[in-house]
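Protein chains in written order, with this note's numbering: chain A, 202 to 554; chain B, 1130 to 1227.
For the record, the hints were derived by calculation from the structure and aren't laboratory data.
Please read these numbers as outputs of a predicted model, since none were measured by experiment.
A virtual CB, placed ideally from N, CA and C, is assigned to each residue, including glycine.
Mixed in with the good hints, there may be bad ones.
To be verified - DEER-style ranges, computed between Cβ atoms:
hint, chain 1, residue 1, chain 2, residue 2, range
1, B, 1159, A, 238, 30 to 36 Å
2, A, 426, B, 1169, 51 to 57 Å
3, A, 232, B, 1215, 47 to 53 Å
4, B, 1140, A, 396, 38 to 44 Å
5, B, 1140, A, 404, 47 to 53 Å
6, A, 521, B, 1210, 38 to 44 Å
Said to hold, decoys possible - Partial list, derived from the structure: chain B residues whose beta carbon lies under 7 Å from chain A:
hint, residue
7, 1178
8, 1183
9, 1185
10, 1200
11, 1201
12, 1202
13, 1216
14, 1222
Stated by the list, open to error - Below, computed lysine to any residue pairings styled on SDA-like, alpha-carbon distance capped at 25 Å:
hint, chain 1, residue 1, chain 2, residue 2
15, B, 1204, A, 538
16, A, 549, B, 1132
17, A, 290, B, 1189
18, B, 1204, A, 539
19, A, 204, A, 416
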Amino acid sequence: MMKVGIAGWGTYIPRFRISTREIARVWGDDPLRIRDLYLIDEKTVENYDEDAVTMAVEAARRALRRSEIPESDIDCVFVGTESKPYAVKPIASILIDALGLRYDVQAVDAEFACKAASDMLILTALAIKSGRYRHGLVVGTDASQGEPGEHLDYSASAGAVAYVLTSSLDKACAIIEDFYCYCSDTPDFWRRDGSPFPVHGEGFTGEPAYFRHIVSAARGLMQKLNLRPEDFDYAVFHQPNTRFPLRVASILGFPIEKVRPGIVVDRIGNTYNASALLGLAKVLEIAKPGARILVVTYGSGAGSNAFSIVVTDNIERKRGLADTLAQQLETKIMIDYSLNLRFRKLIKVLHQT
Amino acid sequence: MEKIDLVKVCQDFKLLDFTVLHSVSIDFEKQKPLVFGLVRCPELDIVVLTQLTDVLNVDELHPGAAMEPVFRVVKRDGQYGIVCYGTKFRISSGEVRV
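Could you put the whole structure together from the sequences, leaning on the hints where they help?
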């Protein structure tokens, strides 16, 4: 058993939203068919002055506030992202100064499609468990790319989530019991260097990718801990759309009532590295002490990390210490497709500033 | 170099007044209009002249509106240059008409 604490979580989603109905209107798709395909009503759109860095800072601030751990006590800063504003220059180092952290910390960005942030959770937990670090900050942030008019235009969105892990279990609002990883070379989705948009390897999406890896990681973890679906109160899965997590839950034997509370994609789209971890944050905002949560992330390319997390008595008090995801979900400003293109800098101009 | 005192930024700011710029310098042309405001932190008794963001409808801005600081891109130095970040303000979530 691992037993590393989650001292706090923080979330950030842009206020601007676009409906999938509006996107379908522009591209001549049937909005009802689109909704039936993805079960997504709206997605977030980053403002012109937002990116993976700004969202990471905001989510991390909330996580630190909720953690009640001083900024000066953070020993490592790890970021999972696939949409860094710089090809070469880390987000993690910007976080150090933006958040007022110490300079003698380990800081790095990681990439594994949508699951790198969950890998950073594992590495931070292992470093804490080893006794080398006391507290660590992990951020998953993405302002992801989707080619206009293609599948991803209806789902790829923006958001960030942050977690502060701790060795002090008395400060924890949840405990990571254990984890299990499952990876293979499966080319279901990629973006070549310099390419503005990712593409799908159609024959490899779905069954051999998302479902195989999530099911294998979840089953591996349950077998390792000798747990069954009945032992979990909630199950949270990576959410490229709403259909996939509901179906994978059904394959694993989780009833829909245990999955629905962690679904965020229907209202904000696929936030990539923040996706499943935002779902976990949503569950932490409602879960009772003692509740056990299964979280399984997924990253194309492909791999999954499964976690078993148990909520502690501190959860009720911690919720009110920072903005909740529930509040952020309600605070929205709807925009049309043209503003969506402008904010995402998809209108070709000579002077992009 | 003059000594700078760091202060912990409070979260509860109020908008004193604002103005909207439609004619802006070349570095900010793609961000028009720019909205600037004077926001006051009662706790520290400081007033900040700042750019306001996430404003789609200026009718939602009014003196006394609750404001919150947010970390944002201030300027991108062209397609390949440095990205400058800083603090802007936006109306607090309770003030947004959904």
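*Give me the numbers of the hints this structure contradicts, sorted from smallest to largest.*
3, 7, 13, 16 and 17
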